[in-house]
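Participant: The residues making up each chain are set out below.
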Amino acid sequence: MPQASLFRQITDFANRADPYPLYEELRKTPVLHEEDGPYVISSYYDIEALLHDPRISSDATNVAAAGDDELSGPEATGLPPSFIRLDPPEHDRLRRIANSSFGPPHRPRRIENMRGELGEIVTGLIDGFGDARQIDLVDEFAYPFPVTVICRLLGVPREDEPRFRAWVDPIVAGLDPDTRTSAESERTAQEARLQLGMYLNGLVEQRAREPRDDMLSDLVNSRGPDGAMTTMEVLSTSVLLLIAGHETTVNLITNGMLTLLRHPEVLARLRNDPGLSVRIVEELLRYEPPVQIVPQRTCIADIELRGVTIPKGSRIWLMLAAGNRDPERFKDPERFDPDREDIQHLGFGSGIHSCFGAPLARLEAQIALSELARRLENPRLVEDPPPYRQNAVLRGPRHLNIAFDGLR
Amino acid sequence: MAADYMDWLRREGRIVIVGASLAGLRAAETLRAEGFAGELTLIGDEPYEPYDRPPLSKSVLLGMASPHRTELPHRLDIDAKWRLGVPATGLDLTAKRVKLADGDEVQYDRLLIATGVRARPWPKEDEARLTGVCVLRTRDDAADLYQRLKAGPRRVFVIGAGFAGSEIASACREMGIPVTVAERAGAPLVGALGGVIGAVAADLQTEHGVDLRTHVTVTSLEGDSVGRVRAVHLSDESVVEADVVVVSLGSQRNTEWLTGSGLGAGPRGIACDAGCRAFDFRGIVTDDVFVAGDVARSPHALFGYQFLSLEHWGNAVAQAETAAHNMICRGADRRPHLWMPAFWSSMFGVNIKSVGVPPMGDQLMITQGSPAERRFVGVYGYQGRVIAAVSFDNTRWLEFYARQIERGAPFPVEYPTVDRRPENRQPVAADFPDPSLPTHGPTVTLSGYSPADQQLVFHPARH
Ligand SMILES: Cc1cc2nc3c(=O)[nH]c(=O)nc-3n(C[C@H](O)[C@H](O)[C@H](O)COP(=O)(O)OP(=O)(O)OC[C@H]3O[C@@H](n4cnc5c(N)ncnc54)[C@H](O)[C@@H]3O)c2cc1C
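Protein sequences, first through last, are from chains A and B. Numbers 1 to 408, taken from the working numbering, label the letters of the first sequence in order. Numbers 409 to 871, taken from the working numbering, label the letters of the second sequence in order.
The following block holds chain A by itself, in its conformation from the complex (with noise of 0.2 Å):
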């Protein structure tokens, strides 16, 4: 039987529990196009530069013109692109007027004044482990803890979590590369955005009428240097800030977990001395980025890399899991270590699409990992490799069942 693709190797669900061996094999031919794929992109300072290259675009159209599925202009969604798939100037100014109600310099200490209320968070969650001796990490805390902090830092009712997830995991779903190849999961994705950005439009109007200290009444009444956003850009915002603001953080948690449990000796010492989390949380986001490619870049003129002419229109993969792990950039790639000299990864990409929320996913990561490694009692993997989610792109376990003896 033939050996499949490289490329097909990496989006195939078996594969998903340990992708590193792939990303090894890949970065042998760091600018990898096969077929009508698209060029892959596994070095470090590769992927480092083109996220820094403004013959890079990330527009949505740009990106639909290259793919090969009848995808989705903004007409087709309802919605309009959030900032996300957009280049600037708009991109620009979306973000900006976004980032105005979230850090600095309007709101420089939003996140930071949210330190106590987090530590709340966790505290009833794991509380709410009881008894028990056994969790399902990711139904019983590393998803809860995140989405109930976006909803309160939007403004959205905790409570409508079901109602919403109905709609996020469609959304989810179609940023999968794998499903992603059907129109019909790509419609199915587009209305439940739609539908998400309906739910949300109830409470933006409500916010427009009564704002509170909250990111949707921020959104709705921005009236900064860079004007106000229309409607539907602070529908589709919303959209972009309710979902990334958890279903990455999740991972982040989750693979955090299941990475300190492998590697019990950080985390005993986490448990004495919380202050490493800031450390361990950057290795993380290295060692095992919730956000593994970047699959949405296309390129708009033509662009040499390494001896390779990538044509003027082409789809670009950029692989951030795999430059994470370049030994041509890191010493001892494949080996957890908090203690390294200079932390830097691409775990949050970088450039002008550089997470959003990273303030933000940095702390609720290093408060949630730290109360754990405190509170669990001698806790254990209970399998290993865990059971992963669908996804190649946001990847992490769909489980992680641990045992531990009891809550300190």
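Rather than coming from a laboratory, the hints here were simulated on the basis of the structure. We put the beta carbon where it would ideally sit given N, CA and C, even for glycine. One should not assume that every hint holds.
Claimed, not checked - Label pairs and their calculated CB-CB ranges: (1) B:627 with A:302: 54 to 62 Å; (2) B:770 with A:274: 50 to 58 Å; (3) B:410 with A:274: 49 to 57 Å; (4) B:471 with A:268: 42 to 50 Å; (5) B:757 with A:341: 29 to 37 Å.
Knowing the structure of chain A, use the given hints to seat chain B with the ligand on it.
Facilitator: This is chain B with the ligand only, laid out in the frame that chain A set:
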């Protein structure tokens, strides 16, 4: 033999660093980090531990940071002898001794000179002594200027619209203080970025309420009966009343103490090779005297082997690290200092950053964004290649352009980019003033022979 000496030097040699600021401290840290176990002495004429200067013209003036609180963080314990508050006054190259103002002498096996630059004072001494006439280079200068701004002056007058002068004007406006800026050239920042970008900076200033006067020079400062400055006279015969005058006319290199030493030191700095080894006055490279930071002048392969003086924070750090490394290793292990010049500034709410050497550029092309929106990237071309780039509120793209400079990519830029507007397709003259006119601000000084039109392939070091 040589190897033995190097082992001995690393173990018990004496290294002296003159200039206890950014470059001095970073060099000291690098020496220790790379295993130098001998005696380390830092000599500084300021009474303070090394501190950071960029905040002095930014957050410090706004009261957001105390001038006494900008100490540079120590990255490791350097276990050094500190001789602070005492200037070095001379150097005996043969006897390997540094002379100090207090009469002491310090013996070295290796010497690093990192004495930086100082503010160019107002040339008429009696006028410069008027109360309210300031410069801004040191922590004391910043503390003094901050007090004066806080007192609510009726008007501040800034002489010179380089980066520092423009940043000071920006701080004044942010505090609601009326400010007049006088500039000999046609616009702010022209020396560093040329007339086209200068015009953008000029609009930025006037929009923020700066009373900007260009194509004028200050002819005299007028004091009142008790010796306070009260008015500024300009070459166009106008008179502006002001109670604070900030002289921001660029800098002078701190090399006088080396007069007669035989080192290749002068008003343009201390020339050194790409490995940071100082030249003597005959152009012969020394083996035990090294230079780093603002005071250094070294050839750069990417820019036609021009001798560049870079008054850039990042250069001081990188050059100090290279110098320190080279001071304690064998010839074959030495590294060249081939740092990509990069400079940042912030004023009137805009973040300005440049890479490469803009003043070498003869043409300029806006490749992304739009100057009208104060958000753009401009690329400088020199004889058909990309030589520099500048961004206003668009920092994240600069890495790309830095790589284009390293590769000697062709100019004008032909390919499309995201955020390229139709109105910006044409290269125009970058419009730098005649290089014989004085320019100022922490920027780049081009000096030395430039073999024109080098075609070269540059392989930057990756760490
Ligand atoms: C107000 C201000 C704002 C700035 N903003 C920016 C910015 O935004 N971006 C940027 O890239 N750069 C900026 N710079 C430039 C940056 O600070 C310098 O490039 C950097 O400080 C250079 O470091 P250095 O160690 O070479 O020299 P310095 O920091 O000048 O240090 C030299 C030291 O040597 C001492 N010295 C001099 N002569 C003697 C002697 N004979 N004996 C003993 N000691 C002596 C000096 O007093 C001084 O302490 C700014 C500078 C200033 C003043």
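Participant: Confirm or reject each hint.
Facilitator: Cross-check of the supplied hints:
no., hint, verdict
1, B:627 with A:302: 54 to 62 Å, "holds (57 Å)"
2, B:770 with A:274: 50 to 58 Å, "holds (57 Å)"
3, B:410 with A:274: 49 to 57 Å, "holds (51 Å)"
4, B:471 with A:268: 42 to 50 Å, "holds (46 Å)"
5, B:757 with A:341: 29 to 37 Å, "holds (36 Å)"
In the structure shown, no violation is registered for any of the earlier numbered hints.
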